[in-house]
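A.B. asks: Next come the chains, spelled out residue by residue.
Number of protein chains: 2
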Amino acid sequence: MHDILIEEGVLAKNDGIAGENREMLRGRGIYSINMVSSPGSGKTSIIEKTAGLLDGLLRLAVIEGDIETDLDAERIRRHGVPAKQITTGRACHLDAHHVHHALPWLFEQDGIRLLIIENVGNMVCPAEYDLGEEMKVAVMSVAEGDDKPLKYPALFSASQALIINKTDLLPYTDFNMHRARENALRINPELKVFETSCTKGTGLQEWCGFLLSSAGAAAKAPVK
Amino acid sequence: MHDILIEEGVLAKNDGIAGENREMLRGRGIYSINMVSSPGSGKTSIIEKTAGLLDGLLRLAVIEGDIETDLDAERIRRHGVPAKQITTGRACHLDAHHVHHALPWLFEQDGIRLLIIENVGNMVCPAEYDLGEEMKVAVMSVAEGDDKPLKYPALFSASQALIINKTDLLPYTDFNMHRARENALRINPELKVFETSCTKGTGLQEWCGFLLSSAGAAAKAPVK
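Quick mapping for you: the protein sequence lines, in order, are chains A and B. Using the numbering used here, read the first sequence as starting at 1 and increasing by one per residue. Using the numbering used here, read the second sequence as starting at 1 and increasing by one per residue.
If you are wondering where the hints come from, they were derived from the structure by calculation, not from laboratory data. Every residue gets a Cβ at the ideal spot worked out from N, C-alpha and C, and that includes glycine. Each hint should be verified, as a subset may be incorrect.
[Claimed, not checked] Pairs of lysine-lysine, DSS-like flavour, derived with a Cα cap of 30 Å: (1) B/LYS200 / A/LYS200; (2) B/LYS220 / B/LYS192; (3) A/LYS192 / A/LYS220; (4) B/LYS13 / A/LYS13.
[Claimed, not checked] Which chain B residues face chain A? A few, computed with CB under 8 Å, are given here: (5) PRO39; (6) GLY40; (7) ASP66; (8) LEU71; (9) CYS92; (10) ASN122; (11) ALA143; (12) GLU144; (13) LYS148; (14) LEU150; (15) TYR152; (16) THR167; (17) LEU169.
Let's have the full structure, built from the sequences with the hints guiding it.
C.D. replies: Printed below as a string of structure tokens:
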């Protein structure tokens, strides 16, 4: 009980900063998403492919959250995309304060219209922390099993989109796509579900189309 | 800073209860391990296979940690193994208190010599919580990528053994086993590394042999 009280205080403080982040990002016309998954589901590969497909259409920047190392930011920068690494040390998720500190860096980059935040690989804790993004995107890989939405419902109910990645591994696993979709939609009937393979290049155009139209719709919406 | 101070208080309290758990388990001659990994690395399948191989040799019981659902405990019980489900709700890891509450149930089971605790699927937070186990076992799947030990070092340095699972997927991924082992051993040179596939049944005898000999050595060690 005591732990939960502490946590609620932490979350309330986080939500306040997240609100500021959102306002600052909107004020500069930057659409932002927060990608959350287990380690190794392929978030970084999806961002690399997204950067390739959006090249020339929408300038993007990436904030990379990791416990240690800047391997992921290095991978992103190779595509000519500005990337800021945040190493969280012992913290198992990004919080709004981490992102807040990266905003001055972001606003120095030229003409950014899309911010992709890649959270620490963790299917549990990041689900609870609003970073100020417009959309949370859950990612899971076929190798993780089709029961994950039932076992980690908080992420799936907090997300607007779900990317089921590594579909190239489908023939070699007992992952049932129909059941996975059913499990995910049972938790959150509004989820947009995308099936992708970064090695085969499938499903990524659909995902990028959705991302572009979401960013476009947000840009046209009246400022609240 | 404030968050870390709170956390240290929580960890100190946890460690005290973990010490009690360890003493109670040792007192009853029960060897215990704590399996930690991302969601979907195959912990439950490994436990199922382990139960099959140890059948008739060493009676075991399982404590299953999950945010929601008792799917995993159900899977284990089908093998005739006593299993207790702990659903943690919002908590992203098991703590010593959770396990403490399950000990009366455990001590009611007949002739148990081995307790396997399957932690919540999370590569980050469970690494910090001693549950009172004798050995922490990290599990990662080939589908997660060979860079995981570098990105989540706390788990690998806290573990005595590492199971690299789903080796049947090796031909379909760019996972480099040599690099994975190198990365893991750079973090923790003492790690015992096992390569397993639950679908092909490979590597599991080695793992079970190690588990049996660890439990045997502990049983012969003078009580501290």
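A.B. asks: Confirm or reject each hint.
C.D. replies: Hint-by-hint comparison with the structure:
no., hint, in the structure
1, B/LYS200 / A/LYS200, "holds (25 Å)"
2, B/LYS220 / B/LYS192, "holds (21 Å)"
3, A/LYS192 / A/LYS220, "holds (21 Å)"
4, B/LYS13 / A/LYS13, "holds (25 Å)"
5, PRO39, "holds (5 Å)"
6, GLY40, "holds (3 Å)"
7, ASP66, "holds (6 Å)"
8, LEU71, "holds (6 Å)"
9, CYS92, "holds (4 Å)"
10, ASN122, "holds (5 Å)"
11, ALA143, "holds (3 Å)"
12, GLU144, "holds (3 Å)"
13, LYS148, "holds (6 Å)"
14, LEU150, "holds (5 Å)"
15, TYR152, "holds (6 Å)"
16, THR167, "violated (12 Å)"
17, LEU169, "holds (6 Å)"
In this structure, the one hint that does not hold is number 16.
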